[in-house]
Amino acid sequence: MVVTCPDLHSADLSADPDRDTARRHERVIAAVTGFCPDVEVVEPGVCAFGARGPARYFGGETALTARITAALADLGEDGTIGVADGFFAALLAARDGRAVPPGGAARFLAAQPVSVLAGRNPAARNPAAQDLVALLNRLGLRTLGDFAALPVRDVASRFGDAGEGAHRLARGLDSRPLATRPPPADLSVVQEFDPPEPRGEPVVFAAKALAGRLHDGLAARGLTCVRVQVTATWADGRESSRRWRHDGLLSAAAVADRVRWQLDGGAPAPPDDGAPQASPGDGEQYQPGGIVALRLVPDQVVRATGQQLALWGETLVSDRVARAAMRVQAMLGHEAVLRPVLGGGRNVHDQVTPIPFGEKTEPRLPADRPWPGRVRGTAPGLVFPAAREAEVTDDAGRAVTVSGRCAVSAAPARLAVRGEPPQRVTGWAGPWPLSERWWDPSAARRRARFQLATEDGRAWLAVLQDGRWLVEAGYWLGGLGQPAALLAGAAAPDVLGDRGRGSSRRGPSRRAAGQITPSRVAAGRDSAMGRTALPLLVQLPGRGGHSRRAGGGGGPARSRGTRPHRPRRDVRGAAVRAGGCPARRPGRHEAGHGVRRRADPRPARQPGSAA
Amino acid sequence: MTAGQPGSFAAPNAPAPGKTEFPSAGPAPAPGLAQGPGTGSALPVVPALRGLLPRGGLARGSVVAVAEFGLLCLALAAAASADGAWCGIAGIPEAGVLAAAALGLDAGRILLVPDPGPSWPQVVASLLDGCELVLLRPPARVSAQVRHRLEATLRRGRGVLLVAGDWPGAQLRLRVASQRWTGLGDGHGRLRACCAEITADGRGEAAMTRTHWLWLPGEDGGVAMADPADLPFDIDEEPPGAAPGLRVVSG
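Top line first, the protein sequences correspond to chains A and B. Taking the working numbering, the leading residue of the first sequence gets 9, the next gets one more, and so forth. Taking the working numbering, the leading residue of the second sequence gets 969, the next gets one more, and so forth.
Hints should not be assumed to be uniformly reliable.
Pair by pair, the computed Cβ-Cβ distance ranges are [what the hints assert, rightly or not]:
no.	chain 1	residue 1	chain 2	residue 2	range
1	A	Arg426	B	Glu1187	30 to 40 Å
2	A	Arg426	B	Asp1195	36 to 46 Å
3	B	Gly1052	A	Ala193	42 to 52 Å
Just so you know, these hints were derived from the structure itself, not from any lab. All values derive from a computational prediction rather than experimental measurement. Don't be surprised by glycine CBs; every beta carbon is placed ideally from N, CA and C.
Make the full structure from the sequences, and use the hints.
Dropping the structure here:
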C-alpha cells in the first residue's frame, strides 16, 4: 500500500526555509504510522507499507484506505492511496487512488505507458531512466506491457542494467522488499504532578531524577544532546519552555539547577504580577495553581563522542560567571545575555559581534584583514543599535549633500538629531566614502561618513546614505555638567517609557534632557546653573528629594533638621513614591528601621501607581 | 577645586585599618552603608582616574553613579576588567565595545544584557553574583525599595555597581562638567582626543568635590591627566561654543 500527498510530493524541501513542508511531512508520516508502525518513507510525500496485516486488522483494504484518507483529511492534507501487489504497481495505483486486486498487478502495469518508468517527481527524475523511456518510445514500445513482453535476455543485452531493472518493474517484480523504519524512540522524559505542585523545591527535586532518566536513556543508545529543552506546565495552562546548552556536559544536578532558574525567573507572568519586585533570591513563590508537568526533551541528539575542552585560547568562563549568565538567560531568554566578540568590518556595527552566552564565540567578520575604508582612530563610546535619523544643514539651512565625486555641497553648520534641538557644528571631517558589496544588489550600499563635533562638546559619527543623514555613533564621555540635583533631570521624562525600557525610546529623551548643557556652558559655569536648572526643576515631581540631595556630604544631618514641609522620603532619606498616602506616614516614621521590612510587600502596588 | 593630586589619596589597596567607611554618614544612610565584607578593598582604576576616587579605586560594595553613559563609564571599568574582573553591562544597548576595548576592557570578560526588561533588579542582582563590576542604566524612576535591595545585594558580594544615570544613594557621583574633542578641523582631520573636566562628589569620604581635567581618550587611546595650563582651549573663555573652532594640538 502506498500513500502519496501530491503537494508534498512535488515540493522542493531544500527550498523551504521555514521547514514548514518538512513539518507537514512529518505529521503525515506520524499519522500513517498510527495505522502501521513499519512505514517506509520513499521520498517526500510518499510512503509505503505492507498492507496485509493492517488491512486484516481494520477490516479490509477499503476500510483501511478510508480510515487513512480520513486521518490525512484531519491534518488538512490531501492524500491518495494505492494498493497493489508490489511497490511499483502500488505507486502507480496511488496516482489514481485505486486498489489493484491481488494478482492483477501484471495486467494493471501492462496498460501503463512506459513514461512511468522515468518517475513522476521532476526533481528526482533519473536521466538514465529518461533516456530509456525516450529509446523505448522510439522503438515503438508504448506501454509497459509491450516492454514486459520482451525476453529478459534480449533486454539485458540491448538496454543494460538500467533496462533490466525497468524490465523487472514492468513485469511486476519489485527490486527489493520495503525498507521500513522502526518508530523513533521517544527520548524525552516527563514527570507529572498530581495534585499540582505549588512549590518549587519538589519540582526541582523531581527534575534531578528526571534528568537522570534522560541521561540514562541517551547513554543507552550512545547518544548525547546539544541542548535540552525544559518545559514546565502550570495548572492554568501556562507553559514555560527554555532550551539550555547541554553538550553532554551537564550532570543531573546541573540540569536540576537550570530547572530551578527557569522556575525562578521564567514563569510567564500573568498580567497583574508584580514581577519586577520579586526578590532575586526567593524562588519559593510560584504561580498559584502549581506545576502539573515537567518535561525534558533532548534537542539535537547527536552521537556521543566525548568532548575535549580547550587547553587554552578562550577566555575561561568561571562557574560563577556562567551561573550568573544562565540565571539571566533563564529570566530573559537565551539571546538576552550576549558576549561581544571583536571582529573586523568597515562600519561600527560590524566590528562587534554579540553572541549569546554559551555559544561559540566567533566574529562575523574576521579581524585579521585590512578592512580599508573603515573609520580609523578613536572608537565611539556609544554605538546606537539603530541609527538615529538626523538632519545636517549648512549655514543657509539647506541640507548638506555629497556628490557622486564625493564633494560636499557646503560645510555642515547644524546637526539636528531627531528628538533633540539642533546643535551648531564646531568641527567636522569627511566625507569618507564607502561603497560596500556593490556586486550584491541586495546588500550593496554607498555611504559617506562624517565626524561632526557640536557646540555642546559632543561628537557624532554621521552617515549620509541614500540622501538621508543618519547618526550611527556618538563620542562623548558621559553626563553633562549638572550638579547632582539636576542629575535627576536627565532621567526625568519617563513618560517615554519607564516600564518598557526600550533603549531606543529612552535614549533620545535622555539626550534631550542633556540639551540644557550648551546653554549652561554658554552662560558660564557658575552663574548659569540656576537659570538653566529652573525650567527642569519645575516639572520634576521628585525635585525636593533630589535638590536636597545635591548637598552631598552634609546631606543626612541637614535633611533631618530641615525636612521639607511635605516630606517625601522615608527615614533613610530615600525618595518615596510621589503619591505616598498620608494615612501611612506616621507609622512609617515611628517604625524607624523597621520600615524596610514593612515596605516589602508594598512595591507590588507601586508600578501601578507610578505608571 | 584644584586639579587633583593623585598622590594625596590613599593607595587603592591600603585603607586605614579600622576606619569607618562613611564616618559622617548620619543615621539615615547608616543601615545602607554598613561595612560589608568587601568594603575593605577597591577595584583598581586607571591611574589618571585615581585622584577622583576617594580610595583610589572603586570601593567594593558601593554604587558609583555617572550622570550619563559614555566613555567615562567604560574608562572606570577598564582597569578592573584588565585585572581579571568580569563586567556586566545591563540596559545599555549602545555600549561601544570597541571603545571599551581601546580603553583597556577585556571584551572577553564582558556580559551584555541590552534589554533587561521590567525584571531588571533581578537581572542586576544575578549579574552581581557573577561579575565584580556591573554597569547599569536603570529605568527613569527607581523606587527606593528596589535601590535598597540592590544595595544590600551589592554589599553581600564584593562587586561595584556603576550606574549610568541617577542613583540617589550613590556613594560617589561623577559628572562631566565639560568636554571638548580635538582633532577635527573644518572639513579635515579626525577625532583624536577629548579633553574633559570631570567632577566627583558624593557622600562620606567622597563628600569633598574634586575636579580633574583628563584626556579621555588621549592621543594614544588611553586615559591621562591633563594639565589645566596646557589645555587646547582657554578654560575661562566660555562658552566653548563661541570659540572660533577646535584647535589641533600637537602631540
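Cross-check of the supplied hints:
no.: 1; hint: Arg426(A) to Glu1187(B): 30 to 40 Å; result: 33 Å, holds
no.: 2; hint: Arg426(A) to Asp1195(B): 36 to 46 Å; result: 39 Å, holds
no.: 3; hint: Gly1052(B) to Ala193(A): 42 to 52 Å; result: 46 Å, holds
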